[in-house]
Amino acid sequence: MIVIVTFLIVAMLAAAVSAYFFRDLLNAVIASCMVSLIAAVMFILLHAPDVAMAEASIGAALVTTVFVIAIRRTTRYEK
Amino acid sequence: MSLELLIMFAFGGAFLTYLAGKISSKLRDIFALLCSVALVVIVSSLYKVETTITLYNGFFGMPLSMRLNPMAWFFAIAIVSSSALVVLYSMSYMKHRERTDYYYFMLLLINAAMLAIVLSGDLVSFFISWEIMSWSTFLLISYNRNAALPAGIKYIVMSLIGSMCMLVGIISIYTAFDTITISEIVQHMATATAGYKLFLLIIFSITFGIKNAVVPLHTWLPDAYAESPSPFSAVLSGMLTRMGIFGFLLIMFVMVGAENSLHMGRGFFSYHNILAWLGAITIVIPTFIAMLQNDAKKLLAWHGIGQGGYMIVGIAFGTSLGLAGGIFHTLNHAIYIILLFLSVGAIEYSTNGLRDLNSLGGLFKKMPIAFLGGLLGICGLIGIPLTNGFVSKWLIYKTLILGKAPFLAFATLLGTWGTILSVYKFLHNLYLGQLPQEHQNIKKTPLAMQIPIVILSLTILVFGILPGLPLKSINAMIVSFGFTPLTVSIWGISSETGTLNMINIFSILLVVVAIFWLIFQAARKSTAVDQYDNYAAGAAIPKDKYNYTVEFYAPFYRMATPYLRDIFDMLYQKIARFTEFACDNIRKIYTGYVSDYIIYIILFLALLISAQLKWSVF
Amino acid sequence: MNEMSILDPVLLIAIPLGLAFLIPLLGLVSKKIVRWIPVVGFLFNGIVALLILPHVLKQPIIVKIGGFVPPFGINLYAGSVGMLLASLIAITGFLVSIYAVKYITKGAEQKYHILFLLLLTGATGVVLTGDIFNLFVFFEILCISSYALVAYLGTRSGLEASIKYLIQGSIGSSFLLIGIGLLYGQFGTLNMADLARQIVDYTEPSVFVSMVFMITGLGIEAAIFPLNAWLPDAHSSAPSSVSAVLSGIAIEVGLYAVIRVLFTIFAVSNFFIFFMVLGVLTVLIGEMSAFAQKNIKRMLAYSSIGQIGLIVFAFSISTQLGVAGGLFQMVSHTLGKALLFLCAGYMIFRTGSMEISSLEGIGKKMPITALCFTIGTFSIVGLPPFTGFASKFMIIRAALANGELLLQILIGLVLVGTIIEGAYFFKIIQTIYFKGAHKTDNREEAPVTALIPMLILVSFIIVIGMFPNIIDKVLQPAASELLDQVKYIGSVLG
Amino acid sequence: MRKCIGIILLIIIAWGILTSLQTMPFGVSRAKVANHYINNGKDETGAANIVTSVVINYRAFDTLGEVTVLFLSAIGLGAVLATIKTREKRDTEKASLILSTGCRFLFPPIILFGAYIFIHGHLTPGGGFQGGAIIASAFLLMYLGCHGEKRLNDRCSTFSESLGGLAFVIIGLIGLAVGTHYFLNNFMPLGKFNTLLSAGVIPIIYIAIGFKVGAELSKIIDLLMEES
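Chains as they are written, first to last, in the numbering used here: chain A, 1 to 79; chain B, 1 to 618; chain C, 1 to 494; chain D, 1 to 228.
In isolation and in its complexed conformation, chain A is listed as follows (with noise of 0.2 Å):
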């Protein structure tokens, strides 16, 4: 268990510095992503499943949505 837990904690900090320092936007918005989906996991983990649907369905899917759709109106690379 621990193990699972230190993995994703660690894999949620690689995701959450990546998406600080990538220069593509597009890429940035998968690694937040991922930070929430990894979140959505560790709510689970913490028994609190409700937390994380929403994180999983807001978080995860509409947020991102949201991002792409403004890179998409704007540009992809960062200046």
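Watch out, some of these pointers could steer you wrong.
With a Cα cut of at most 16 Å, we get these calculated EDC-like pairs of lysine to aspartate or glutamate [claimed, not checked]:
# : chain 1 : residue 1 : chain 2 : residue 2
1 : C       : Lys435    : B       : Glu98
2 : B       : Lys366    : B       : Glu438
3 : C       : Lys364    : B       : Glu98
Please keep in mind that the hints were generated in silico from the structure rather than gathered at the bench.
Place chains B, C and D on chain A using the hints.
Chains B, C and D in isolation, oriented as in the chain A frame:
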């Protein structure tokens, strides 16, 4: 009851006049005149009445009251009668101007506010009326547009500074004594410390000094007088500015009390002495600056400042004679300066707005009534015997000589000499000398403008010959301040060193004048020639040179200009410019970049956190 | 209590919310009805609030939402302060929504009315709630609707201002949320009274951290000096009817929240000197920045900053008089600034420009509007006999009452700010009436729907200015309510 | 330079938060309010899901506010986007048959799942918000997978969001009118614990919220998609 009626009449009349103007301008004129005449009637019916009424308790539970006493009545009658004359005058003067409804409304509102000031029995209603007066004055000063706009701003900013000082003073009185009623404050004042009294005197002096244009605070006045419509200049100079004198009387002799305010400080550095010296400076410098003016109204405006100095000297000297002189001079000044502004206004009306002394002249024949007004006005201004100015100036000189203040006396005399020099220029350049060609066919002065001039001219003579009429009620006022009463007769006044008796002077002068007149009549040999009928060395003088009054005091002008600059005005301008500069730079805090703003926010938060966690400030 | 249940303060929030939800449905039926929905809603609110107001002066009404006893459920605290501000919000909202009936003609009208309704509902919620998280929720409603309304005109400057406002506002919201979270972590409750009770005997300095977070978060909406950079842009690019409520209501409500947090929850007394200096800085910087403006709405917006500074100063005197003065200043600023923005709205509409120089001759063109504008400026500057004077009088009185030197110096600076304010407002008045040629334009007065609210506001300004006793009866209990933490805790928790 | 200052300031703020957090022991229940919810929630509200009992009963007012916030963001977005008219047609590739068929196939189950979540909000984890979000994700799938084929019915979404909100408020007002006169009072019988028809008004409110949230989130997506 009649006090409430008076105030309601004054304010209500102003509003109704405005509404009447929406119906017809004739109705408005008549209504305005009726209102102001009715006010005169009501006020004069209240002669020797002393009452106090409470208007309402609505202002934070403070009783707002009105009270009538000799001082209030004296100022009230002066206000209402001068405003009635001015309204009458305006009926013709303002006829073809725009926005006359607004003009009358503001004029009557100012009048009502001044009435409320002098009648107010407590400091809050005093302040409220004071402020109504200030902002409505601002609105009317700006009426002439263009050059009037900066004048208005200058006026209102200085006025606001004054009001804020007064507000602080009033509220500090309220916190200290828990009352705003003047009569109660008087009783409490005994318990106050000398320092507190001095604080009150100074902070109120700033307000009243600004309004009365005592020298370092005078700079709003010349522009404001010169740029307002002439009838309003008359009100402004005659009564509105003198609300400052009313204020000085109120704070020095009513609220703080004569025995306190005249013993504040030691020797030269006592409050009233410094005030008297400021008054003396106010007499001398503006009077000489007046000499340099080429604008008739500006010239009068500078004299307005200078004459204010006499009043200040008189009341600051603090003897019953001086006080009487100061107060009487306030009234006299009101009469002759209104007269002068009205006659200048008449010229302005006839010449379509000209008031430049260099391009006018010889209007004596064309406008005899205006000339009469101007002549008697400047006689009063100088203080020639038989005019009212003489009596009050005599009282002030006498006070200063009796009070062993040679320097002050010299200053007042110096002021009078300056006055003579400069008003001669005024009189000469307007009425005497040659009439320029283009003014041969000027408009006639309408009757409505002539009547006030005549009435005021007569008043100057009446008060000059029978000074006892107003001096009686001034005497009552002085007694109410706790001074020893003067012995006043209808012809004059007697003091411990000499008696002023106008009937003697009058009869002597009458005889002298009659003799001179006879001599002149008998010896008259001159013939009248046309102004272009003159030659110099056989050649006609060029037309533009014929008016020898142009640059009347040119040598003096060249000599004195460097010393007679209005340094205070320059200083204030500098401060104003600096403020503007500072404002412009402060604005740049808001850079327009969100990142900066976020830094501000985070900085604020971090500062507070570290202040607490590191140093436990809170 | 039984006859009061008809007049439950919760109706002030529930009915406008319901109406806001109803608008899209009505929009399907008729576009015209929609315009009148906010009018109806705030008329209702105004009546209810004024009916409740006398009841709460002695004893606050504690509304238990869902019937759960605080601190377990959410409660509304309808005390004198809350009801005073709620009535103010309802009245202002009513007047401004009448104004908006004709004024808002472009864009998604229906959405404007929803947003407007919700903006003021959020404000009402903030002033009535007794629960700190509930405060956050209503605060969000207030903020989000203002973000959207600022950008409503869709101009470039509007969008830019909205984005700036959004960024800073979101930072504020998250700080507020962090603060609330820390408090909940420390005390395990969200009820204000319960929190206050526990904080009284809690000595850890870290409680201060949560307070600072909350103050900063709320301070951004309240436009206290270093946090107010969003305001000039936002208030000047919104439609004028929105600027009126943003300036008149939104920042006041933000300030109310700051004060509530400071006075009731934390009751920190030695923080106030700092706050007072901040208030004076806000006054000076606001007024000085306003002085140099050429754009009338920006000038009004900066002047709002100055006024907020004055209110902050008054509150941080933290005496009965000072707090009452601050509340009074809130009332007079709301009335005055709403009036000014409403007038400016049609002036700008008629001249087609926001430059002050373009207002030349508007006094002839729109005499009534110009007159209302003039009265508004007089009231804001604090000239009698208008409300601004009465409130300023009270504040100066409060400042001088203690005889503290610091207070005297600070009030002096505040008065310097007032003089600067006077200078620029009087300049505008000259521009309106006395500048420009003597040409006689044909009259283009604002429509009746705009004039009615203006004239009502003017009459309020004059009546309250001449008879401040009317409102003083509410201000005194309101001030003692804010200052008396013990009574607050007692009346909520029993 | 600016970055350095920013980082230093943020470190100070983090330090502040950390000192605060140190005073809270992790995992230890100190909150008496929370204890009350855990111990009495079942009896007072009749909901098997304690989270739901808090969200829809104890703190229903907050929930009403949050629903409004969501409503606001949809309306606000609409209001802002309505004024910006920069619609340009872009060339989009049509989705492949497999993708679009798959999406169409998945659409009803996702909707059903969302409905299940909010109908059973008082019994199982989740509720109106989650259910609504899931429904919105179904619409999102349709927009992504079957480009431009199926659009949200404007009238229908307006109806459901308005009626959802209205239902919430009206139920609250009924609570004020009947029984103990409290706004948002759970005035209906609590029913048999742990059955579908229990917990009084909670399921009704949750259904309303579910419809409302679903409609609003879908609308936001619709607005943004339409623009791009």
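Okay, the hints, checked on the actual structure:
Taken as a hint, the Lys435(C) and Glu98(B) pair is honoured in the structure, with Cα atoms around 13 Å apart against an allowance of 16 Å. For the suggested pair Lys366(B) and Glu438(B), the alpha carbons sit about 13 Å apart, so the restraint of at most 16 Å is met. The suggested pairing of Lys364(C) with Glu98(B) holds, with an alpha-carbon distance near 11 Å, which does not exceed 16 Å.
Of the numbered hints listed earlier, not one is contradicted by the structure.
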